[in-house]
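Fit chain B to the supplied structure of chain A, relying on the hints for placement.
Number of protein chains: 2
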Amino acid sequence: MTNAFPPNQQFRLAARPVGLPRREDWLFHEEAVAEPAEGGIVVKVLYLSLDPAMRGWMNEGKSYIRPVAIGEVMRAGGLGIVIASKSPRFKVGDYVAGGTGVQRYWAGSADDKAAAFTKIDPSLAPPTAWLNTLGMPGMTAFFGLREVGQPKPGETVVVSGAAGAVGMTVGQVARQMGCRVVGIAGGEDKCRFVVGQLGFDACIDYKAGPVHAALKEHCPQGVDVYFDNVGGEILDAVLTRINMKARIVICGAISQYNTTSQVKGPANYLSLLVNRARMEGMVVFDYAPRYPEGVAMLAGWMREGSVKSVEHVTEGFERFPEALLMLFEGRNLGKLVLKVADA
Amino acid sequence: MTNAFPPNQQFRLAARPVGLPRREDWLFHEEAVAEPAEGGIVVKVLYLSLDPAMRGWMNEGKSYIRPVAIGEVMRAGGLGIVIASKSPRFKVGDYVAGGTGVQRYWAGSADDKAAAFTKIDPSLAPPTAWLNTLGMPGMTAFFGLREVGQPKPGETVVVSGAAGAVGMTVGQVARQMGCRVVGIAGGEDKCRFVVGQLGFDACIDYKAGPVHAALKEHCPQGVDVYFDNVGGEILDAVLTRINMKARIVICGAISQYNTTSQVKGPANYLSLLVNRARMEGMVVFDYAPRYPEGVAMLAGWMREGSVKSVEHVTEGFERFPEALLMLFEGRNLGKLVLKVADA
Chain A
58 MTNAFPPNQQ
68 FRLAARPVGL
78 PRREDWLFHE
88 EAVAEPAEGG
98 IVVKVLYLSL
108 DPAMRGWMNE
118 GKSYIRPVAI
128 GEVMRAGGLG
138 IVIASKSPRF
148 KVGDYVAGGT
158 GVQRYWAGSA
168 DDKAAAFTKI
178 DPSLAPPTAW
188 LNTLGMPGMT
198 AFFGLREVGQ
208 PKPGETVVVS
218 GAAGAVGMTV
228 GQVARQMGCR
238 VVGIAGGEDK
248 CRFVVGQLGF
258 DACIDYKAGP
268 VHAALKEHCP
278 QGVDVYFDNV
288 GGEILDAVLT
298 RINMKARIVI
308 CGAISQYNTT
318 SQVKGPANYL
328 SLLVNRARME
338 GMVVFDYAPR
348 YPEGVAMLAG
358 WMREGSVKSV
368 EHVTEGFERF
378 PEALLMLFEG
388 RNLGKLVLKV
398 ADA
Chain B
58 MTNAFPPNQQ
68 FRLAARPVGL
78 PRREDWLFHE
88 EAVAEPAEGG
98 IVVKVLYLSL
108 DPAMRGWMNE
118 GKSYIRPVAI
128 GEVMRAGGLG
138 IVIASKSPRF
148 KVGDYVAGGT
158 GVQRYWAGSA
168 DDKAAAFTKI
178 DPSLAPPTAW
188 LNTLGMPGMT
198 AFFGLREVGQ
208 PKPGETVVVS
218 GAAGAVGMTV
228 GQVARQMGCR
238 VVGIAGGEDK
248 CRFVVGQLGF
258 DACIDYKAGP
268 VHAALKEHCP
278 QGVDVYFDNV
288 GGEILDAVLT
298 RINMKARIVI
308 CGAISQYNTT
318 SQVKGPANYL
328 SLLVNRARME
338 GMVVFDYAPR
348 YPEGVAMLAG
358 WMREGSVKSV
368 EHVTEGFERF
378 PEALLMLFEG
388 RNLGKLVLKV
398 ADA
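Chains as they are written, first to last, in my numbering: chain A, 58 to 400; chain B, 58 to 400.
Possibly wrong hints are sitting among the right ones.
Any copy will do: because identical chains look the same in the list, a pair fits if it lies in one copy or spans two.
No more than 25 Å apart at the CA atoms, straight line, and that leaves these computed lysine to any residue pairs for SDA-like [as the list claims (entries may be wrong)]:
1. K209 to K302
2. K264 to A324
3. K176 to F385
4. K119 to R73
5. K119 to H269
Source of the hints: derived by calculation from the structure; they are not laboratory data.
Next up, chain A with everything else stripped away, as it sits in the complex (with noise of 0.2 Å):
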């Protein structure tokens, strides 16, 4: 078969990895785009976002999404530019966010579910920010902050991941809204790139000593609000400084994701009971039908320079299994992509 397009390569599932995915647990494969049928698109993936999330798509068993299945595209968001529409939602040289899959070319219908494009506008952020403050971590932040933290004022507001797409996002916003922020991350340059390029007020090196003191440092008036991607030995760190009613978001456990055994526990959850506090997890997807206000918060405050959106950008589509392992590595400064592709 031929057809305008060149080939496409795909990362599909080729098994269910133990701990950290090896090379074997992919297949690489080729094979030909489909010309669009009357209402699909063909969609040139230029970025692909890799998340911790990802890890746990890979896994079988209930979760909040279907774990992707053996043999299957596997699942990620991407950024890419329309080339070929028989659709009246799209046309060519559009840019779209949405599920393209770790793949070069996303072809079917312009209203696949799963798929979910939207139009994002390259005049508002650079097209990678739309993988990162103005895209699902973003909103993830936003919302999972807002909505389920709740901080108030003069709070402290404690993240960890914080040079990570998500933890970036959290405290930039938290300090919009007025609170004290301490960003927990590993590595002098990360916790240098969190103070200094983000404007956090401290930032814990969990790689330099125990994050127990450095806390109670950091945070002399306790922790009201910490929003969690890690899990964990900091999470039970911080569940022993947190104040009366604060509030913990369950937002990611990336320590855990990567475990052959049992997760860890937070064995110092009985704080909750001491401090009337709570612990809720969060997903984005519920935020759906809201996401375009979180984009027009998170715009307006990138204009005005007051949240910037930090993009580590590794190249080439073949190294996607050892990009996606920099993050377990804690490679990334900021949220990571890979670029597949120039426009």
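Then chain B, alone, in the frame of chain A:
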């Protein structure tokens, strides 16, 4: 020194226990009872309340209430009768409930903040009910379930420690609120009591088999509210069965109070994320201004026979150390009280 009263007997804290409290952790002490000064009263203790929380008060370290000091009379709720009064608030013969401590006589100011005596009406309910359904355990159940758990009619409420003081009332109140109620308790006798006497829809015997399989059977619609008195593996099992937007009330963790290793945190806490669920701690004292509301509702239900106050009365003041252990050995059916004296 001689006066009108027989000598007082007390159990004081001799040492902070490691694991289960031993006889050597207690100091049995005799002293004279002071004549009341102006504004003072003397209370003869009739019943002492034995509660799992007492174990926590014996530990050092920050909690929701200060630890009992070494050498201090052990803190306990009690019910007694006023036998001497120089206070206008109480007259001889009044029944009072409050923080008497583990002793035969309490003497001091009628306005003592720690004792916080309130007059009770023995015509409304038998005296022991004032240490149970109309006392702290009842208030804990009533406000914890309604204010933190927020069950709605038709929802499924699960409560652990179902045959204990708090759990017993949680389940009965949830039934009054139109919920399906499933208890968790240890042993056939307790489960028979919970279903047969208290009217729960079902009761899971955690000693008889895996709790999560039993939850699947008895909560076919999943779990909307879990009122946790026990922590440990049962909390983990319930976390696998919660519904979207479920509420978990953290009231206690009796399985962990005597552990000499680290507390077992809930390994399945990420179920909170998947289900956008909440885990929240509660301490009954926060609701003190609203106790009259709780007492009125519960007394009303008791009068009409729809809520039962069941006490497990064990006798003998000098048996206090052994009687307390009955809680941790799971030997009580209903609220455990120690009878100290006849009126």
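Right, here's what the structure says about each hint:
1. K209 to K302: both (12 Å within a copy, 24 Å between copies)
2. K264 to A324: both (21 Å within a copy, 24 Å between copies)
3. K176 to F385: Close neither inside one copy (31 Å) nor across copies (61 Å); limit 25 Å.
4. K119 to R73: within (15 Å within a copy, 45 Å between copies)
5. K119 to H269: Cα proximity of K119 and H269: across copies only (15 Å, versus 34 Å in one copy).
The structure fails hint 3 only (numbered hints given earlier).
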